[in-house]
Amino acid sequence: MQTKEMQSTAHLPQLAETRNPGMALDMDWVRAAQANTSAIERRAATLPGRRSVKKDYQAAWLLKAITCIDLTTLAGDDTAERVRRLCAKARQPVAPALLEAMDMDPITVGAVCVYHDMVETAAEALHGTGIPVAAVSTGFPAGLSPFHLRLAEIGESVKAGAAEIDIVISRRHVLSGDWQALYDEMRAFREACGDAHVKAILATGELGSLRNVARASLVCMMAGTDFIKTSTGKESVNATLPVSLVMIRAIRDYQTRTGIKVGYKPAGGISKAKDALVYLSLIKEELGDDWLDPHLFRFGASSLLGDIERQLEHHVSGAYSAGYRHAMG
Amino acid sequence: MSVKERFERMEYGPAPESAAEALAWLVDQGDRFGHFIDGAFTAPGAGFESRNPANGEVLATISQATQGDVDAAVAAARKAQPGWEKMRGSGRARYLYALARLLQKHARLFAVLETLDNGKPIRESRDIDLPLVQRHFYYHAGMAQLMEEVLPGRAALGVCGQIVPWNFPLLMLAWKVAPALAMGNTVVLKPAEYTSLTALLFADICRQAGLPKGVVNIVTGDGGVGEMIVRSDVDKIAFTGSTAVGRRIREVTAGSGKALTLELGGKSPYIVFDDADLDSAVEGLVDAIWFNQGQVCCAGSRLLVQESVAEAFHAKLRARMEKLRIGDPLDKSIDVGALVDRVQLHRVRDMVAANTAGEVFQAGDVPENGCYYPPTLITGLAPSDPLMQEEIFGPVLASCTFRTPEEAVQLANNTRYGLAATLWSENLNLALDIAPKLAAGVVWVNATNLFDAAAGFGGVRESGFGREGGWEGLAAYTKSISKVSALKHVTPFEGEGGPGGELDRTAKMYIGGKQARPDSGYSRAVRNRSGKLLGHVGQGSRKDVRNAVEAAAGAAGWAKTTGHLRAQILYYIAENLSARAAEFAARIDAMMPGRKGEKEVEASIERLFTYAAWADKYDGQVHGVPIRGVALAMKQPVGLIGALCPDESPLLGLVSVMAPAIAMGNRVVLTASEPYPLAATDFYQILDTSDLPGGVVNILTGAHEDLAAPMAAHLNLDAIWSFSSSDLSAVIEKASAGNLKRTWVNDGKARDWYANDSSEWLAQSTEIQNIWVPYGE
Numbered sequence: 001m002q003t004k005e006m007q008s009t010a011h012l013p014q015l016a017e018t019r020n021p022g023m024a025l026d027m028d029w030v031r032a033a034q035a036n037t038s039a040i041e042r043r044a045a046t047l048p049g050r051r052s053v054k055k056d057y058q059a060a061w062l063l064k065a066i067t068c069i070d071l072t073t074l075a076g077d078d079t080a081e082r083v084r085r086l087c088a089k090a091r092q093p094v095a096p097a098l099l100e101a102m103d104m105d106p107i108t109v110g111a112v113c114v115y116h117d118m119v120e121t122a123a124e125a126l127h128g129t130g131i132p133v134a135a136v137s138t139g140f141p142a143g144l145s146p147f148h149l150r151l152a153e154i155g156e157s158v159k160a161g162a163a164e165i166d167i168v169i170s171r172r173h174v175l176s177g178d179w180q181a182l183y184d185e186m187r188a189f190r191e192a193c194g195d196a197h198v199k200a201i202l203a204t205g206e207l208g209s210l211r212n213v214a215r216a217s218l219v220c221m222m223a224g225t226d227f228i229k230t231s232t233g234k235e236s237v238n239a240t241l242p243v244s245l246v247m248i249r250a251i252r253d254y255q256t257r258t259g260i261k262v263g264y265k266p267a268g269g270i271s272k273a274k275d276a277l278v279y280l281s282l283i284k285e286e287l288g289d290d291w292l293d294p295h296l297f298r299f300g301a302s303s304l305l306g307d308i309e310r311q312l313e314h315h316v317s318g319a320y321s322a323g324y325r326h327a328m329g
Numbered sequence: 001m002s003v004k005e006r007f008e009r010m011e012y013g014p015a016p017e018s019a020a021e022a023l024a025w026l027v028d029q030g031d032r033f034g035h036f037i038d039g040a041f042t043a044p045g046a047g048f049e050s051r052n053p054a055n056g057e058v059l060a061t062i063s064q065a066t067q068g069d070v071d072a073a074v075a076a077a078r079k080a081q082p083g084w085e086k087m088r089g090s091g092r093a094r095y096l097y098a099l100a101r102l103l104q105k106h107a108r109l110f111a112v113l114e115t116l117d118n119g120k121p122i123r124e125s126r127d128i129d130l131p132l133v134q135r136h137f138y139y140h141a142g143m144a145q146l147m148e149e150v151l152p153g154r155a156a157l158g159v160c161g162q163i164v165p166w167n168f169p170l171l172m173l174a175w176k177v178a179p180a181l182a183m184g185n186t187v188v189l190k191p192a193e194y195t196s197l198t199a200l201l202f203a204d205i206c207r208q209a210g211l212p213k214g215v216v217n218i219v220t221g222d223g224g225v226g227e228m229i230v231r232s233d234v235d236k237i238a239f240t241g242s243t244a245v246g247r248r249i250r251e252v253t254a255g256s257g258k259a260l261t262l263e264l265g266g267k268s269p270y271i272v273f274d275d276a277d278l279d280s281a282v283e284g285l286v287d288a289i290w291f292n293q294g295q296v297c298c299a300g301s302r303l304l305v306q307e308s309v310a311e312a313f314h315a316k317l318r319a320r321m322e323k324l325r326i327g328d329p330l331d332k333s334i335d336v337g338a339l340v341d342r343v344q345l346h347r348v349r350d351m352v353a354a355n356t357a358g359e360v361f362q363a364g365d366v367p368e369n370g371c372y373y374p375p376t377l378i379t380g381l382a383p384s385d386p387l388m389q390e391e392i393f394g395p396v397l398a399s400c401t402f403r404t405p406e407e408a409v410q411l412a413n414n415t416r417y418g419l420a421a422t423l424w425s426e427n428l429n430l431a432l433d434i435a436p437k438l439a440a441g442v443v444w445v446n447a448t449n450l451f452d453a454a455a456g457f458g459g460v461r462e463s464g465f466g467r468e469g470g471w472e473g474l475a476a477y478t479k480s481i482s483k484v485s486a487l488k489h490v491t492p493f494e495g496e497g498g499p500g501g502e503l504d505r506t507a508k509m510y511i512g513g514k515q516a517r518p519d520s521g522y523s524r525a526v527r528n529r530s531g532k533l534l535g536h537v538g539q540g541s542r543k544d545v546r547n548a549v550e551a552a553a554g555a556a557g558w559a560k561t562t563g564h565l566r567a568q569i570l571y572y573i574a575e576n577l578s579a580r581a582a583e584f585a586a587r588i589d590a591m592m593p594g595r596k597g598e599k600e601v602e603a604s605i606e607r608l609f610t611y612a613a614w615a616d617k618y619d620g621q622v623h624g625v626p627i628r629g630v631a632l633a634m635k636q637p638v639g640l641i642g643a644l645c646p647d648e649s650p651l652l653g654l655v656s657v658m659a660p661a662i663a664m665g666n667r668v669v670l671t672a673s674e675p676y677p678l679a680a681t682d683f684y685q686i687l688d689t690s691d692l693p694g695g696v697v698n699i700l701t702g703a704h705e706d707l708a709a710p711m712a713a714h715l716n717l718d719a720i721w722s723f724s725s726s727d728l729s730a731v732i733e734k735a736s737a738g739n740l741k742r743t744w745v746n747d748g749k750a751r752d753w754y755a756n757d758s759s760e761w762l763a764q765s766t767e768i769q770n771i772w773v774p775y776g777e
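These protein sequence lines map, in sequence, to chains A and B. Residue 1 is where the first sequence starts when you use the numbering used here, and the numbers rise one by one after that. Residue 1 is where the second sequence starts when you use the numbering used here, and the numbers rise one by one after that.
One thing to keep in mind: the hints can contain errors.
Claimed, not checked - In the SDA-like style, the derived pairs of lysine to any residue whose C-alpha atoms are separated by at most 25 Å in a straight line are:
| # | chain 1 | residue 1 | chain 2 | residue 2 |
| --- | --- | --- | --- | --- |
| 1 | B | 508 | B | 323 |
| 2 | B | 479 | B | 621 |
| 3 | A | 54 | B | 2 |
| 4 | A | 274 | A | 107 |
| 5 | A | 89 | A | 275 |
| 6 | A | 274 | B | 16 |
| 7 | B | 560 | B | 582 |
| 8 | B | 332 | A | 288 |
| 9 | A | 284 | B | 1 |
| 10 | A | 284 | B | 5 |
| 11 | B | 514 | B | 621 |
| 12 | A | 284 | B | 14 |
| 13 | B | 323 | A | 89 |
Source of the hints: derived by calculation from the structure; they are not laboratory data.
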């Protein structure tokens, strides 16, 4: 098993930041959380007009975005070869010539994200790169398999070499207001992960309201999650700026009260370089520069990388690029 | 710096909007501008430099208009007006539409020029000012199209003098020009001295639109030019600017018969309740007080936070302030640009420096050169601190806490101003209860600084009067087409005769639901045409005015009664008057020449019925603003109205003034017909027996000349009306400048008291308060 070795070189800086130990469920805090939809949408709608990143800065930001991508394949027809190709792209997401033109050292994506069955393949393919494998888990995407199997699934993925586990919460606990049940579930998932980092997927498109998103975010953080993540990619609505704003404000509040920095991962629907820049500026504005790093921020995306590559080539050459000029994953 | 280093540091870097096109336009114009009069630019004359406040560079030289220029502009507008009006709404709509399209086509040029001239961030001029400008012209193209259909009986005022400020140079031009043109007026507009350029570009656009010559005239210059316009032969003055200048304009135009709307200063409260989405409320403050460097008349500049969340809120706010980026207004990632001029910068600096109270927090890196001032928060202030009362007009937020919703309303209303208010709460009951209680023309719930052409904007108290935008804004640019004739002064009859053996009845004042002796201790005889003594009435004085206003102020509960209840009371008054119709008719006949008593009593009863009918039907509107939400245009009572009742119709006149006012929830201080006061004094008994709460209607007798000035000057009256046959319009309008109360005077013109013209009376009896309620879960 390469698990041990992989973790020692993984991107997640277990040493740099204190892992979120969680805290007792504070229902006063959870119930006081508010999220005014119209105001949040207004902030989200005006943000792209308030911040603009140009030229070299833009290239640097786009490279940063690449390092924060969880390059993902979650398809029923995934094969070992397909996953190996993806891992190759993860190791070398941008053509060396482009990096050279920008006088930039090699970079990698943040992680490769797969289903359990592909964890071992991915871990092998990424051996020695420092790129962690993330496994979606706990009956992803619906999270409705038996609880003990969901816990066991985490253990199996960790054993297979996953350094990060993306769990799905039981949406019904949120919708029925059973915050204690959500807390207990999250706690159990966190324990099952052991040293592997856990990302809590809230499936925000199914939580009914931004207020529920805020409350679920807080409960998962209290229960010790390392990251909160918007979506499985399978809901009808995935990551949006308003949802992101609510979740990162919850992260900010959690840090203010506990001193602990929890990470954020928007997933699904982010496919354009321009969107990535807006997300990064949102994070910079609302959370701060510490979060502009794969330790605390990831994009769950599959097609985003291609658009960023085209933009980078445009930056270098001055001519708009074509998709086929960039290696596929 | 390499990409690699930028990758490590993740800074924004510069993102400048190019000024090239705008500067090229200035060069094309020779960097010198004349005035735009009668469809052409005049040769540039002696003038002054217009500078970019961000770097002090000279942008162009602007001409200072002479009296001759102003006269020429007014003459051109006068000449053009009949043709413009006769073109009908549908013809004017096409020009307004063309202007809207041209503003859209040249949007970026306008935005960049505005930012160069004013110092506001390009994000704001591009994303807020220009879209609103275009929207205003589109919206009013529609109003022109519909005018004949929806405003029968209304006509253009004529030539409008319009003076706009430097904080939203083009937007304020749009707010003034679009409705004026739509309604068939022509205009002479003066932009502010610091910021004339976009108005001059707009003049260029007017030519491109083929607008008939003289319909829009633009003269440039300082306040002296503004005063020339105010004194010129125009039919209306529309002014946006400081309260001090507004007051001066009120005084200068007093008695001139010129229509006037004033949109003045503010110290708008921003209330945060403990159940609010605090992060969103913090973000709202960015748009409330750091929008346009806080140089916004409706800036949420007084933060009122509920005690229980104040500490957490202030901490969040300070953290947010640290993220504000201050600097080059043409940079697309700048939040706070430059103040408009060194004068303004020093004013803000001095005001903050003079403050010794509370705790001052300033954030952000401020460039050394240029007119920059850091975003500032001062916590721990009390209402008695000057910075909680005085308008700063800069990026400075003053903060104070409150304990209960009731206290929040008291603190919010503890101001001479009344322009806008913001409140944050997730509780619908609380928000919709508080909003109408705020003395403000505009209230934003869980949002701030939302504007749209479809919703009226304007204030109460010393924030001015009149509305711009929406259906309510059209009243400011139209007048009734009814013909008016001169009003003859009615003098009391003199004589020596005695009472003719009847038992003496001494009419007193009617104050707070009780009869009160005149404070002066003097009475005056009332006689009929043949000199026979009909009775005595008290000689009212300023002390009686004081007492009456105090009584009216005490009857505050009336404003909160339902329309249904007020209707019931008005019907009851009518019923009781009807029961004593013969007696009132006889009284009128005894006082006045001719025998019209019966007709007048009958008309009075009918008038009471009319306003009883209206009491529960003068509905507000829901404006179609482009957000997910509503803008509720609520018809609120004006408050305390003082009125000099007409002399010529002693009963009908009194009832005509009283009924619409109290039907809409106002309380009134009425001065009875001077020559024929006894119908009013008899009326006390009708009021006493009609369930009307004491203090809602107060009636004084005496010489109008003695009472007009103290009433008009009374700072606790919200409006003053005069239908007196004494020549008092000028006196009243001048004295009203003290608290800038609304005025409605007859300018020596007669009124047909038998005419049924409720719409004007109802409009004068109400303030439209626009309450914006965005919603969505």
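**Prompt:** In ascending order, which of the hints set out earlier in this document are inconsistent with the structure?
**Reply:** Of the numbered hints, 1, 7, 11, 13 do not hold.
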